[in-house]
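Those sequence lines, one after another, are chains W, C and G. First residue of the first sequence? That's 20 in my numbering, and the numbers climb one at a time after it. First residue of the second sequence? That's 27 in my numbering, and the numbers climb one at a time after it. First residue of the third sequence? That's 7 in my numbering, and the numbers climb one at a time after it.
In case anyone wonders, no lab produced these hints; they're calculated from the structure. As the structure is a prediction and not an experimental result, all values here were calculated from the model. Even for Gly, the Cβ is constructed at its ideal location relative to N, Cα and C. Just to be clear, a hint being listed does not mean it is correct.
Output of the computed footprint for chain G on chain W, the stretches with three or more beta carbons under 8 Å from beta carbons of chain G [to be verified]: (1) 146-157; (2) 164-172; (3) 228-239.
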Amino acid sequence: MNDRRSRRDALAPVGFLLLVLIPLILMPLAAVFVFAFRGGAAEFFEALKAREALFAMRFSLLIAFATAAVNAVLGTYAAYVLSKYRFTGERALGIVVNLPVAIPTVVVGTSLLLLWGPIGLLGKALEPLGFRPMFTPLGVLLAHLFVTFPYMLGAVKPVLDELETTYEEAAYTIGASRLQTFRHVLLPALKGGIFSGALLTFAHSLGEFGATVMVSGNLRLRTQTAPLYIFAQFEAGNIAQANAVAAVLAALSFGIFFVLLRYSGRREGER
Amino acid sequence: MSIVLTDLTKLFHGTRVVDRVSLEVANGELFVLLGASGSGKSTILRLIAGLARAEAGTIRLHDRDVTREPPQTRGVGLVFQNYSIFRHMSVAENVEFGLRIRGTPIPERARRREELLDLIGLGGLGNRYADQLSGGQQQRVALARALAYEPSILLLDEPFGALDVKIRGQLRQSLKEVQQKLGVTTILVTHDQDEAFELGNRIGVIERGRLLEVGKPEELYFRPRSSAVATFLGSGTLLVGRCKAGEAHFGPLVLPIPTDVPHEDGARVRVLFRPEHVELLEEEPPGKLVLGRGEIVQGTFAGPLRRIRVRLAPLAATRQIAPAPPYGETGLLVEAAVPSENERIAGRPWVAIREWHILRRPAPRILVGESATAASEALTMGRILERALDGALTVLGVATEREKEEALRATLGQRMKDGGFPNASVRVRHGDRADAILQEQEENVYDFVVLGSEESHGDRLDPVIETILDRIVTPLLFVKREAARPERILVCTAVGEPGKADIRVGGWIARQLGARVTLLHVAHSGGEPPRWVRSHLERGVATLGSLDVESEFRIRTASTPLQGIREEETATSPGLIVIGGHGPQVRSRVAIDDVTRQVLRFANSPVLVVPENA
Amino acid sequence: MAYLRKRALVPLALALASFGWAAWPWFPFSRASAPPRTIVFYGFSILGEVFNEAIFPTFEALWREKSGEEVEVLGSFASSGTITNQVILGVPADLVLVSLELDALRLSEAGVVAAGSWRALPHRGVVNRTPFVILVRPGNPKRIGGFEDLARSGVGVVHPDPLTSGGANWAIVAEYGAGLREYPDRPDAGFMMLRGVWKNVIAQAASARAARTQFENGFGDALVTYEQEALWDRARGKLEADVVYPRRTVLSEHTLAVVDRNVEPAERPIVEAFARFLWSDEAQRLFVRYGFRSVVDEWNAANTAFGRVDDPFTIEDLGGWERAKREIVDGIWKARVLRELK
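Just need the whole structure built from these sequences, with the hints factored in.
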């Protein structure tokens with residue numbers, strides 16, 4: 020019915036779109052790279068070699084991997100339970116697990132502190148036991164898990180919902196237990212969703228700032244993530260250092276989304 | 027027996043989607059469950075597979091009670107309508123899946139897989155994936171997958187529904203071959219009659235959760251037992267007439283009733299003739315069963331056959347069930363099918379029947395007259411009869427005005443539901459109660475009418491009963507007070523012809539209820555009763571004995587018949603008194619007080635009045 | 007895993023490689039023999055460089071020499087108000103260097119620091135000082151000579167936010183005190199000075215550092231800030247501004263407190279050793295090199311860049327922080343100046 024408009028027709032609308040996009044999105048992104056290389060490539064790499072910069076990047080990557088891994092398991096499990104079981108309060112639970120997306124990350128950080136911090140509800144009781152999750156890498160991980168949970172859930176659950184029930188039923192009648200069915204039949208069907216979810220989680224964790232700034236304590240070489248490092252360097256007036264790490268983060272994010280797009284594009288093509 | 031289902035019941039939000047289904051499938055048999063969409067056939071299959079839980083009943087597979095077992099342990103193979111083969115696995119992996127789960131070693135798995143792929147005609151395609159296969163091929167894979175681990179039962183849920191007609195035909199053939207070769211007990215669920223006829227060793231027809239009939243395809247098609255199956259399978263003409271002296275009367279048409287479908291005198295009889303057994307002739311054929319001369323209403327070309335619908339003059343005292351007469355149609359419609367190569371029939375052909383089939387006697391229809399206010403004892407009695415005779419209960423309410431009919435219908439409907447009569451139908455009329463009851467009886471032809479007393483009339487007879495008694499031709503059961511299931515039935519006989527009807531009806535009820543019968547004759551005081559009285563009673567007992575009813579006779583002496591009956595009633599407390607009515611009375615100014623009326627007025631037990639020509 | 011296609015191989019390899027690189031330092035065999043002891047130090051914004059580059063390494067070397075132990079001092083730097091809040095919320099700081107004694111008081115009120123414990127330290131806990139100056143555009147186009155010039159019309163002032171920044175409180179006190187001491191017989195001189203300056207404030211930032219960044223990015227004509235900031239940038243050749251020394255201004259004094267709540271008895275010796283180190287000659291000389299004025303005057307001669315302030319006063323001259331906060335910041339600035347300017 021509606022064929023794509025011919026090239027000539029596209030000129031004006033596309034031109035206008037670019038006019039909006041360029042200053043809004045493309046130029047700020049370009050600015051990061053321009054400023055990073057302002058002093059030349061040598062200074063760029065010098066800035067990256069700084070001890071704190073290296074630590075911040077490594078730490079951010081590690082946290083992102085850990086968040087993606089843990090949430091892959093948790094998110095898939097949650098998607099499975101919510102999709103396959105009927106129980107009272109199902110609707111409410113479904114809303115609750117998606118809340119983190121709606122809450123400002125700073126609020127997340129604050130609430131975590133107020134719960135687990137040394138003066139917090141639970142923290143007060145746990146401190147004498149030596150368990151102090153806040154201001155440690157564990158605290159950062161907790162914050163990131165909280166904030167990125169819905170992304171994994173949102174990527175996996177629709178796939179599960181779409182699968183016709185007879186898919187599993189076939190496996191059951193063949194003799195596979197629930198666990199075997201999950202492993203051999205469901206999990207392979209989910210791998211696309213888990214992969215996209217993991218990438219999304221990874222990307223969001225890399226860039227997480229609001230909650231991290233509250234719970235990390237900003238300890239350099241201990242809990243300072245890359246975004247925190249960038250912010251601190253910027254405030255200190257070390258624009259070049261800040262931009263160097265920012266450029267690396269941006270490039271990494273590009274890479275991730277490029278992979279994500281190619282992967283999902285390929286899946287569409289496969290259909 | 028491979029599969030035995032007993033009283034299997036499944037509820038869904040209070041509705042019985044599977045209603046007390048009992049079924050047996052023999053080893054190696056290909057059994058087809060045939061029914062319309064939503065009839066519950068797929069649910070039955072899922073219950074057998076273990077994918078749904080039954081509320082009641084048992085499932086035995088190869089002598090093992092699996093009712094509580096999960097699907098994994100039942101040893102069944104299930105093929106779905108949407109194939110549901112695993113899309114991320116190759117064909118080979120799909121087929122092997124069952125063996126892999128069971129830990130079969132790899133070489134064994136490979137061998138079996140090749141065997142199966144060959145068997146279902148997919149040899150060499152083991153490396154393909156679902157998106158590279160056609161629908162038919164995917165279904166074959168599903169079949170192979172289900173058979174790989176040698177299940178003892180194979181279940182197929184409308185397996186060919188999603189495929190093109192040509193492919194369907196091929197796959198049906200393949201399935202039949204494979205099933206016969208492997209000899210695996212199979213149940214196939216479908217709504218397609220052709221499929222059922224082609225594949226089934228036996229067919230079970232399901233309607234609204236109930237298993238109507240089970241039988242070989244030819245039996246069900248040519249000789250169905252119930253009208254539901256008759257109208258469900260194929261098309262045809264179904265008529266309802268009456269049984270008189272062992273013959274079925276459809277207006278002028280008289281057909282003999284075979285001995286395997288006995289009907290009582292006056293009972294309704296149903297006859298079926300298939301379109302291919304109807305002949306349309308230009309001239310009146312001698313020596314053939316003729317329905318009359320008709321006009322052609324419609325002719326449709328259907329490949330090898332031409333379907334023709336003919337309208338004839340209606341037959342007296344005959345109702346038509348199929349084809350369902352359109353609103354306002356008064357004539358008799360007959361479905362005929364003639365080879366399309368024959369010359370076209372024109373004008374007004376004679377309609378003759380080459381073959382026909384008399385259906386099993388239908389379940390007795392019981393009409394209970396209900397009041398608008400409270401549930402009556404009549405309803406309880408009606409229930410007892412319904413159960414005992416495996417009959418169908420209809421409740422009639424009579425509103426004072428037309429406007430109140432709807433409200434009354436709702437009230438009665440609720441009462442039926444609350445009282446546990448979900449299957450009872452409710453009918454509502456307005457006007458005079460006696461007239462309404464009589465009209466209902468005439469229009470819808472019941473086998474029993476059960477009435478209670480609206481108000482207490484003391485010793486006088488309820489005028490409604492009085493009116494009805496004069497004109498009714500069906501047995502009438504009058505219930506005065508709370509009744510229980512009769513264990514003892516008192517049949518008051520006069521000797522001679524009328525007495526035989528009382529004994530026959532009373533005996534039938536007694537057999538269904540498992541009750542004992544006492545034949546009572548009241549003699550005037552004085553002397554030995556005549557010999558022929560005794561022999562009549564003895565023959566009565568013998569007749570009842572041949573109907574498997576325990577009975578005895580008694581001769582009482584009393585000044586009036588009523589007194590004798592009252593005495594017997596007091597002595598034995600029967601649950602039911604059966605007495606003959608008298609024919610239509612001549613109206614006279616003074617009500618003739620005959621024995622029947624006396625009994626109706628004074629007896630305490632329920633009284634069944636059997637009219638003369640019932 | 008049969009369902010992993012071949013094309014997943016490259017991205018998977020990349021992912022594994024980056025994970026390996028990220029996790030390397032945490033692997034047990036890549037670590038030094040034994041993890042060093044750590045001291046956690048929280049300081050306010052402008053202290054970042056001097057501590058990270060000079061103080062920490064020097065102390066670590068000294069300690070290694072003296073006791074043979076490896077010690078690692080970890081620092082976190084943000085505005086004074088922020089680090090105070092963080093310490094109260096429970097960050098594992100052993101020591102905290104705040105920009106004004108007021109924040110130390112807050113810490114003691116919160117029970118984190120023993121009340122008044124810093125006064126027992128040398129110089130009442132003051133580690134270093136710096137006067138408050140005015141940064142202007144190169145060439146001083148608006149001819150600003152002192153705080154009173156900031157009140158001229160057409161002058162835009164960049165100022166840190168007193169709610170979070172210790173530096174902002176100092177600036178207010180500097181402006182007020184300068185006015186008061188210039189016109190000692192006019193009781194509302196301080197108020198007038200404050201109002202004049204704040205009439206022209208066009209941008210506020212969360213910390214002194216952030217205010218600096220705003221000024222550098224072209225906001226305003228003048229920035230009231232620590233001398234140290236300007237000197238440090240000039241030393242690195244990055245100062246694109248002129249420094250104007252008002253005739254009268256306040257010397258901000260930065261207080262160190264030991265966070266008693268977080269320091270375990272076993273750690274006390276090393277923590278106190280570090281604290282004492284800050285007043286050692288070596289440390290004070292380092293402060294001077296980085297542009298802070300030492301509490302020991304003789305070291306200040308080493309830095310020729312220190313400008314001359316005719317009338318430097320301290321918070322003591324204004325009655326101490328508690329009084330100054332109450333009367334000057336809350337009483338005059340917040341209650342009167344801000345309200346008038348709304």
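Here is how each hint holds up against the structure:
For a cut-off of 8 Å, the count of residues in the region 146-157 of chain W with a CB near a CB of chain G stands at 3, and the three-residue condition holds. Evaluation of the coverage hint for the region 164-172 of chain W: breached, as 0 residues show C-beta separations to chain G shorter than 8 Å, against a requirement of three. For the region 228-239 of chain W, the assignment as covered by chain G holds, since 4 residues bring a beta-carbon within under 8 Å of that chain's beta-carbons and 3 suffice.
The structure is inconsistent with hint 2 alone, although it conforms to all the rest.
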